[in-house]
Amino acid sequence: MEYMNGLSAMISVRSEQREHDNEDPEVIEFITDGKYLSYGGRSLISYDESELTGLVGARTTISVEGNRVTVARSGSVQSQMVFEKGHRHISLYETELGTLVVGINSFEVDSRFGKNGGRLSLGYSVEVDDVAATKNRFIVNVAAKNTPIDNSIFE
Numbered sequence: 009m010e011y012m013n014g015l016s017a018m019i020s021v022r023s024e025q026r027e028h029d030n031e032d033p034e035v036i037e038f039i040t041d042g043k044y045l046s047y048g049g050r051s052l053i054s055y056d057e058s059e060l061t062g063l064v065g066a067r068t069t070i071s072v073e074g075n076r077v078t079v080a081r082s083g084s085v086q087s088q089m090v091f092e093k094g095h096r097h098i099s100l101y102e103t104e105l106g107t108l109v110v111g112i113n114s115f116e117v118d119s120r121f122g123k124n125g126g127r128l129s130l131g132y133s134v135e136v137d138d139v140a141a142t143k144n145r146f147i148v149n150v151a152a153k154n155t156p157i158d159n160s161i162f163e
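Position one of the sequence shown corresponds to residue 9 (the working numbering), numbered consecutively onward.
What the hints contain is simulated information worked out from the structure, not anything from laboratory work.
Treat the hints with care, as some may be off.
What the hints assert, rightly or not - List time: in silico BS3-like cross-link candidates among lysine-lysine, alpha-carbon distance up to 30 Å:
{"id": "1", "residue 1": "Lys-153", "residue 2": "Lys-123"}
{"id": "2", "residue 1": "Lys-143", "residue 2": "Lys-93"}
{"id": "3", "residue 1": "Lys-93", "residue 2": "Lys-123"}
Stated by the list, open to error - Computed beta-carbon distance windows for the label pairs:
{"id": "4", "residue 1": "Lys-153", "residue 2": "His-28", "range": "33 to 43 Å"}
{"id": "5", "residue 1": "Gly-62", "residue 2": "Glu-135", "range": "19 to 29 Å"}
{"id": "6", "residue 1": "Arg-50", "residue 2": "His-95", "range": "11 to 21 Å"}
{"id": "7", "residue 1": "Gly-122", "residue 2": "Glu-27", "range": "33 to 43 Å"}
We put the beta carbon where it would ideally sit given N, CA and C, even for glycine.
Could you put together the complete structure from these sequences and hints?
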């Protein structure tokens, strides 16, 4: 078994969303404390959402394995979105207001992680109930604080 590295981390997130190519994107950007774990070619990132994102009470966990990225949310919002360049994935996005069927069409999946952190960049379009809705970019930078943490949060 390979060495497992579980650390507290500083996580910066930038989310850009636009409905039309010729408009400026709506940008949400923040820095938060979270958790980072890297082992066996897989990286896991976890952080709690805040009022800034409108997802208070939700935890986001990002799993990066090769060219496949899964973004899962639990708590006040339930979802699991899969990103693979050139592929379309369908998922359910459950909120307090109801459930949406969401299609994710990924055109960029770039990740570079090591034992102390790294960077993830996703480019994708979103369809809601089979209707094109937005074009998005999601960029996550992770820097380990070199403080061991309890890895059970990823189970």
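Now for the hints, and whether the structure bears them out:
{"no.": "1", "hint": "Lys-153 <-> Lys-123", "result": "holds, 11 Å"}
{"no.": "2", "hint": "Lys-143 <-> Lys-93", "result": "holds, 14 Å"}
{"no.": "3", "hint": "Lys-93 <-> Lys-123", "result": "holds, 24 Å"}
{"no.": "4", "hint": "Lys-153 <-> His-28: 33 to 43 Å", "result": "holds, 40 Å"}
{"no.": "5", "hint": "Gly-62 <-> Glu-135: 19 to 29 Å", "result": "holds, 20 Å"}
{"no.": "6", "hint": "Arg-50 <-> His-95: 11 to 21 Å", "result": "holds, 19 Å"}
{"no.": "7", "hint": "Gly-122 <-> Glu-27: 33 to 43 Å", "result": "holds, 36 Å"}
In terms of the numbered hints stated before, the structure departs from none.
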